[in-house]
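Novice: The listed protein sequences derive, respectively, from chains E and P. Residue numbering for the first sequence follows the working numbering, beginning at 1 and increasing consecutively. Residue numbering for the second sequence follows the working numbering, beginning at 1 and increasing consecutively.
Quick caveat, the hints were computed from the structure, so don't treat them as lab data. All of these numbers come straight from a predicted model, not from anything done at the bench. Among the hints, erroneous ones may be present.
Covered stretches of chain P (chain E as the covering partner; in silico rule of three or more C-beta atoms under 8 Å from a C-beta of chain E) [claimed, not checked]:
1. 86–96
2. 241–252
3. 266–274
Using N, Cα and C, we set each Cβ at its ideal position, and we do this for glycine too.
Given next are the chains, with one letter for each unit.
2 protein chains.
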Amino acid sequence: MKTIISSLGINRRTLLSALAVLPAMSGPLLTASAQAQTAAPGDALASWNDGPAKQAIIDFVKATTEQGSPNFVAPEERIATFDQDGTLWVEHPVYSFVMYALEGVPALVKAKPALAKVAPFSTVLEILKGDRAAIAKLTMPDLEKVLAATYTDRSVDQFNAEVTKWLAEARDARWKKPYTELTYLPMQEVLKYLRANGFKTYIVTGGGQDFVRTYSEKVYGIPPEQVMGTAGVVKYSYAKDGKPFLFKEPKLLLNDDFTGKPEGIHLMIGRRPIMAAGNSTGDRQMLEYARAGAGANLSMLVLHDDAKREYAYGPAQGLPATKVGTFTQALYDEAKKNGWTVISMKNDWKRIFAFDESAS
Amino acid sequence: MKTIISSLGINRRTLLSALAVLPAMSGPLLTASAQAQTAAPGDALASWNDGPAKQAIIDFVKATTEQGSPNFVAPEERIATFDQDGTLWVEHPVYSFVMYALEGVPALVKAKPALAKVAPFSTVLEILKGDRAAIAKLTMPDLEKVLAATYTDRSVDQFNAEVTKWLAEARDARWKKPYTELTYLPMQEVLKYLRANGFKTYIVTGGGQDFVRTYSEKVYGIPPEQVMGTAGVVKYSYAKDGKPFLFKEPKLLLNDDFTGKPEGIHLMIGRRPIMAAGNSTGDRQMLEYARAGAGANLSMLVLHDDAKREYAYGPAQGLPATKVGTFTQALYDEAKKNGWTVISMKNDWKRIFAFDESAS
Chain E
1 MKTIISSLGI NRRTLLSALA VLPAMSGPLL TASAQAQTAA PGDALASWND
51 GPAKQAIIDF VKATTEQGSP NFVAPEERIA TFDQDGTLWV EHPVYSFVMY
101 ALEGVPALVK AKPALAKVAP FSTVLEILKG DRAAIAKLTM PDLEKVLAAT
151 YTDRSVDQFN AEVTKWLAEA RDARWKKPYT ELTYLPMQEV LKYLRANGFK
201 TYIVTGGGQD FVRTYSEKVY GIPPEQVMGT AGVVKYSYAK DGKPFLFKEP
251 KLLLNDDFTG KPEGIHLMIG RRPIMAAGNS TGDRQMLEYA RAGAGANLSM
301 LVLHDDAKRE YAYGPAQGLP ATKVGTFTQA LYDEAKKNGW TVISMKNDWK
351 RIFAFDESAS
Chain P
1 MKTIISSLGI NRRTLLSALA VLPAMSGPLL TASAQAQTAA PGDALASWND
51 GPAKQAIIDF VKATTEQGSP NFVAPEERIA TFDQDGTLWV EHPVYSFVMY
101 ALEGVPALVK AKPALAKVAP FSTVLEILKG DRAAIAKLTM PDLEKVLAAT
151 YTDRSVDQFN AEVTKWLAEA RDARWKKPYT ELTYLPMQEV LKYLRANGFK
201 TYIVTGGGQD FVRTYSEKVY GIPPEQVMGT AGVVKYSYAK DGKPFLFKEP
251 KLLLNDDFTG KPEGIHLMIG RRPIMAAGNS TGDRQMLEYA RAGAGANLSM
301 LVLHDDAKRE YAYGPAQGLP ATKVGTFTQA LYDEAKKNGW TVISMKNDWK
351 RIFAFDESAS
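Isolated chain E (complex conformation):
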């Protein structure tokens, strides 16, 4: 039996080793097509620079939604799936769903003071005090324990209340903003543009399903039933007053990463998406699955190549995978070979955040 955290897919990525962000390699990774002419969808994609990525999105939406188009897709088949971390919002240097777990430790210690002297909780307390050396002490099994202690062994209602409280109070280290403000404005525009054209937009995340559902509607306009993620077992239980409630057990049900993404899409949606977006090897199978559909389809990869406005990381940047992420050279090569659209944050995005007034 795996614990909830194996489920979160984080044993396959490096989470904590990248608190010091590496500098970006320079130079555009996309050869801009000089011929590309961007048809204007009003201001729907106002934060995008003209270029092949913006053009691919517009062309795809027109091809699938305009009456009489040979690639017309019936509205009910217009399913679009988005990875979250690194695709819709910042994932660097630590996933927000992991920060939630780390910053939840003081409350655990307050409830059970003895934990303050017990690893890994003692280690997390050191990290939170600013002891960066302590990060190296935190092993993956340690992190699993911390995630299990903060995500499970409580009711769904209690968990939701705790996450909601944390999101209201927590601030990221770089921008000093709530995490929910660190969403990418150009991707928010894509979500809205798709919905305005009859698409149903979904989040398909390796992060915790219950975690993301607490804010998905408010932050992305995506209702909880259109969020799938890594999920644990819940148990139908009864309170002392006889009222039923759902209890989060420390057992993995779905690992929504890698092959788990298309498998989870089948379970939760039952249709193949015609559009998918991701940013890492954990999204590879979902992008491949969408691209293998019989009709028009679009798969997109967000490339983090903007160290100035966000971050630059991954082997496609010439940076080691073990240090900074999982956008590998192989993934980049596959994207080019199979006609996935690579989105360069540096070149394709005029603005990155709603609060960011600078334009590239």
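With chain E's structure known, arrange chain P on it following the hints.
Specialist: Coordinates of chain P only, in the frame set by chain E:
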């Protein structure tokens, strides 16, 4: 590891012992409220007789959707979940999803002729030839084997094609109609009435999720992503040409019955339904869960008490549970105690099927 059929919940119900339908006990089970005055929702519920059940539905919809109502529910929270077998369509004397498995055996035998002499496939062939005595030979483990052989070990695409073909050709024994015509017109009206009032309607079935999804949109207006059911593991795989596909493995993932219904609702929807309908003990927890919500809510139980136009079965009819179903006296008592609305097919439904011109 359970096989797919344990998952289907059928080891908890009697499936095959009721091919000879028992006669119904007479007498109304609901005390009609003489004071009940049915507000007319146009012709939305035209197949319902005036009475407490119809009134409860109308009152609930008005209370939750009329602006200014103290029990107003925001549109995105208007989730309604329906059991399928026995609630939306006929389940007697054999669940359609089980008939599908039984009638799939000749094709299995055609592909592998040796199976004709191997139990349980040989037994099923006898049953299909009309040998009712053979039914007694079919044990639950036998049935599990037949279900596994017809529901799994093939691609999702192949399974969908096989089900679609069967549904087009198969006819039920009593009405000589396609199974998809055996849906209850009054419940179809409720689905439409709810959707017209901003509700999102879901099927939550103990039957196979992939099975129901092949026809849910056409038959009920419910898209596949709003169907949850008992589900097996699917495996992301590659064909010889390198194309990815999903393969149905003979392993249980979700048993969508009893506590599995509210647990599955949390997994797939992430919100508590404010309305739920069922007809058996397998729906008990779902009905209880909906009823335990903080705001206005409605739980409904369909009582099969119309031997003439459909069937009459279950201990609430004074008939033994082992023979005819799982609407137990305890369930009936719980419905009355906890304010669930009991729908009497005999008294509340003017017409049962769209093809049925008689009125009660």
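Novice: Now look at each hint and say whether the structure bears it out.
Specialist: Hints and how they fare:
1. A count of 0 residues in the region 86–96 of chain P with a Cβ less than 8 Å from any Cβ of chain E is obtained; the coverage claim is therefore unmet, three being the minimum.
2. Chain E is given as covering the region 241–252 of chain P, and this holds because 3 residues of the stretch bring a CB closer than 8 Å to a CB of that chain, at least three being needed.
3. Three residues within the 8 Å Cβ limit are the bar, and the region 266–274 of chain P against chain E gives 6, so the coverage statement holds.
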